[in-house]
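Student: Listed below, chain by chain, are the residues.
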Amino acid sequence: MLSMIRTIWYVFLHMFHRRVTVQYPDEQPYLAPRYRGRIILSRDPDGGERCVACYLCAAACPVDCIALQATEDSTGRRYPEFFRINFSRCIFCGFCEEACPTYAIQLTPDFEMSEYQRPNLVYEKEDLLISGPGKYPGYNFWRVSGVQIGGKDKGEAENEGRPVDLHSLLP
Amino acid sequence: MNMATVYVDNRAYEMDEKQNLLEGCLRLGMDLPYFCWHPAMGSVGACRQCAVKQFRDEKDERGRIVMACMTPAAAGTRISIRDPEAVEFRKAVIEGLMLNHPHDCPVCDEGGECHLQDMTVMTGHDYRRYTFEKRTFRNQYLGPFLNHEMNRCIQCYRCVRFYREYAGGNDLNAFALRNIVFFGRDRDGVLENEFAGNLVEVCPTGVFTDATLKRHYTRKWDMEMAPSVCVHCGLGCNITAAGRYGTLRRLVNRYNGEVNGYFLCDRGRFGYEFVNSERRIRQPLIEGKAVSAEAALARLGELTSGRVIGVGSPRATLESNFALRAMVGADRFFAGISGTEARLLKLMLEVLRGPARTPSLREIEASDAVFILGEDVTNVAPRMALSLRQSVRQQPMEIAERLHIPVWMDHAVREAVQEKKGPLFTASVSATRLDDIAAGTYRGAPDDLARLGFAVAHALNSEAPAPAGLPESARDFVKEAAEALKAAKRPLIVSGASLASAAIIEAAANVAWALAGSMLAFTATESNSMGLAMMEAPALDAAQAAHADTIIILENDLFRRLPEAEQFLERFRHVVVVDYLENATTAKAELVLPAAPFAEADGTLVNSEGRAQRFFQALPPPAPVKESWRWLGSWDKLDDIVEALARAIPPLAAVTRAAPPASFRMSGAKVPRQPHRYSGRTAMLANISVHEPKPPADPDSPLAFSMEGNPDQPPGALQPFFWTPGWNSIQAVNKFQEEIAGPLRGGDPGVRILEAGEGTPRFFEDIPAAFEPRAEEWLVVPLHHIFGSEELSRHAPAVSQLAPPPYIALNPEDAARFGDEAEMLGQRFPLKRLAELPRGVAGVPAGVPPFAGLEFPMWSRILQAP
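Here the protein sequences line up with chains R and V, keeping their order. Going by this note's numbering, the first sequence opens with residue 1, and the numbers climb by one from there. Going by this note's numbering, the second sequence opens with residue 172, and the numbers climb by one from there.
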């Protein structure tokens, strides 16, 4: 008898406690920017595609859910001809982001990816590519890299000297 | 081999005292970084990367740093690889090499199979301290095969050492001075040497990369690979074929100590793209319309119910030829070559069953006097020319030996030898690419070349018949060549059928037989010419007389074999063709069955040495495409047909041993075709279906279309790719050899099925009369071109860019009466003036339409173009 009354008393007290249940989806939880959710492909500060199709993300992926094919534009800038992530296999481990040498592939705090059909979880490049630089606003791989592309000649990358003049004998 | 005890980090090891410490350490499986040393090119001690510490004796604690590649593995040598000072030294060296290396591994085609990456990781250099400006270079256009990215260079000099000293090229060099050394040509342009493609593998980093791979770039770890054999000439160089997403991506060299060693020719390396050609036949066709495989097979059954003959092919495998032979009956099976070619092949085969042994390319490299009769080796069997180029180094090597300079100490050997060359004599119809190293050259019409050969044979052995009335110009040549061959320890005669002259082959045989112990190498123009010859089927001439309603043509374009192919085909009511590329013959066919080219097929080829070699599928053939032997027979497995063929054709009985059978397992597992890092398995087909398909079964080989399997080293014939932990580049091959630059572990792949016979041969007596030019006619001979003469590589875009357009070549004096063009066979062609060509002889590019399919040599009128 006494224990029942005590229980009712505790329940009554609970009415004045702070609520921990979040009213999802009406109320969205806070997720840190480093949260490992839906994967995106970002662009560099100049608006160009950041991905250089180096295949490192695909190699790092433990479930092999990334497939791509490299190609080049007429100026020698490399980019993926197609870039496919099968999210029905993805385990959101973030290895791809760790492996990416250009900050192109990034995991975002979005996890709302449920689908009724598995094929809808296969994302192509059009679905992955966003219009901004994501978490790393400043970096542009092509400004650092020593290869020549459209708009950046030999010797114009960061920390590069002008191309050697082979016909000069001057020291 | 004399073994010496060498102490490495205080443990005793056995090393060959003829080798250097680097070779010794690598042979023992130790990891010691290096750049400038190459197993085929020796040491120069330029990069300072293989530094180790050497101690005088066990009491010596200070020691001194030496380069392992420049120190002989003498008995009692004590070295340390792990010594902290040596480790620090190697790390400092690589830090220096990386000062100017660009930040571009992600977009570099070498990434993932880069020797520089491997060595950097091995030494532990991981952080850049140098913050000043990097030196940059402008790149050059080097032709359709190679891509140039000079910023990545670490100045190891391997490229120019290979290109100039090993391959004999002279348009690539090191330019400028001090820290701005540039490796390239003096101006943009196509690299002239036929072996330039090897720079892809010789360069330890990404300065020279495969330009054909760049167009469909895939990392090494993402490719499905299988051991394969080159199909672009008769030498049968071993290659690794690599594919992804259903297309063939590239070929790299697959080391075979006896055959190609470390190098390939550019036709072999870059001719592969015909597999991806738009002219590929991918559906069965009836009257030009695509039908299902069932409908095609039903029609094949109808057409073969009557009288049928089969035409085989020198570019189809033994298995496919045998399947056709079994289907139509041995007496109704014809070799798909002209009567002339069949007679020449038969003659070569008979000669090779005589006392002269046919050498492997390794033996060719080791021969010390060479006589090339009638062949332009560089353009017919290119890789053999690279071996011949090394043979002239054999005799002068005695100078180095006298001075006690070890063979591997490359720079010192070259200083000692200077420009001295061993004897190599060429007798050819026109200039050849080996003339620059020849001790003597002779030019003549085919019959004159044969007479010269007979004269050399007579000079060596008076029992051999002598030609009467040899011109004065030839006598010195004969004397010198005969003396050089007689003085040599390992003399070699090279000849072949590319001038379509039986007399030349007979003369070469006489020379070889006149000189006991000499070797005789014949070139063959197609991948299975020798194998087809061993099947001993009658040629196409005999097929003309056969009565049949249906003709089945296997992987063969008859328009490249017969001048009157059209009339020949019209004699048959039904024409069935099994092939992989559209050509003039498939256009005439009622039924076309889509065959699998080498990258999608399993089979066995016999090379010109008489070595049977098996190749395996790198890619599963996309249904309904399948191997020709599967279309034509009912064998379930490759092993079944190989066994049947070995039983039915006694000379081929040994082909069962060319590779382990399909039942071969290592610890119960198959050999994976995919590296363990292979990516994209669950995504590459997700756009079609999210349910991953089962990997294709492979009943024909011990290889699996999977990354699962036993990762240990299989026998060489099954080695799908060279990779070991820490060695991602092709340099990993060191870990797969019994000896550095020796045979692969478990023996080099392939089995020799042609051995020299016993007994004294009878010399050939039929000496042709001297060549007499005619007044209004020219003797037309085929001039072979490495790019363009071979049928399949013509369909590779990179190779076709370098193929010559049709032309007529004449001696300038003969050509004086013509303008820039001349008319032959009713067509106009540009006229090429070749001073080396004898008068009265006209040359046309072999295998280039409309000259493909002509009977050579022939007499033809050449007219002033109207």
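These aren't lab readings, by the way, just hints derived from the structure by calculation. Quick reminder that beta carbons are idealized off the backbone N, C-alpha and C, glycines included. There may be inaccurate statements among the hints.
Claimed, not checked - Here are a few chain R residues that face chain V, going by a calculated C-beta distance under 7 Å:
| hint | residue |
| --- | --- |
| 1 | 140 |
| 2 | 146 |
| 3 | 150 |
| 4 | 154 |
Said to hold, decoys possible - Derived Cβ-Cβ restraints for the label pairs, each shown as a range:
| hint | chain 1 | residue 1 | chain 2 | residue 2 | range |
| --- | --- | --- | --- | --- | --- |
| 5 | V | 808 | R | 137 | 57 to 63 Å |
| 6 | R | 120 | V | 793 | 57 to 63 Å |
| 7 | R | 76 | V | 988 | 37 to 43 Å |
| 8 | R | 99 | V | 348 | 37 to 43 Å |
| 9 | R | 150 | V | 834 | 24 to 30 Å |
| 10 | V | 303 | R | 165 | 16 to 22 Å |
| 11 | V | 867 | R | 99 | 25 to 31 Å |
| 12 | R | 76 | V | 1035 | 16 to 22 Å |
| 13 | R | 34 | V | 263 | 25 to 31 Å |
| 14 | V | 303 | R | 150 | 24 to 30 Å |
Student: Against each hint, give a clear statement of whether it holds in the structure.
Tutor: Going down the list of hints, with the structure as the test:
no., hint, result
1, 140, "violated (12 Å)"
2, 146, "holds (2 Å)"
3, 150, "violated (14 Å)"
4, 154, "holds (5 Å)"
5, V:808 / R:137: 57 to 63 Å, "holds (60 Å)"
6, R:120 / V:793: 57 to 63 Å, "violated (28 Å)"
7, R:76 / V:988: 37 to 43 Å, "violated (51 Å)"
8, R:99 / V:348: 37 to 43 Å, "holds (40 Å)"
9, R:150 / V:834: 24 to 30 Å, "violated (55 Å)"
10, V:303 / R:165: 16 to 22 Å, "holds (19 Å)"
11, V:867 / R:99: 25 to 31 Å, "holds (29 Å)"
12, R:76 / V:1035: 16 to 22 Å, "violated (49 Å)"
13, R:34 / V:263: 25 to 31 Å, "violated (38 Å)"
14, V:303 / R:150: 24 to 30 Å, "holds (27 Å)"
When each numbered hint is compared with the structure, violations occur for hints 1, 3, 6, 7, 9, 12 and 13.
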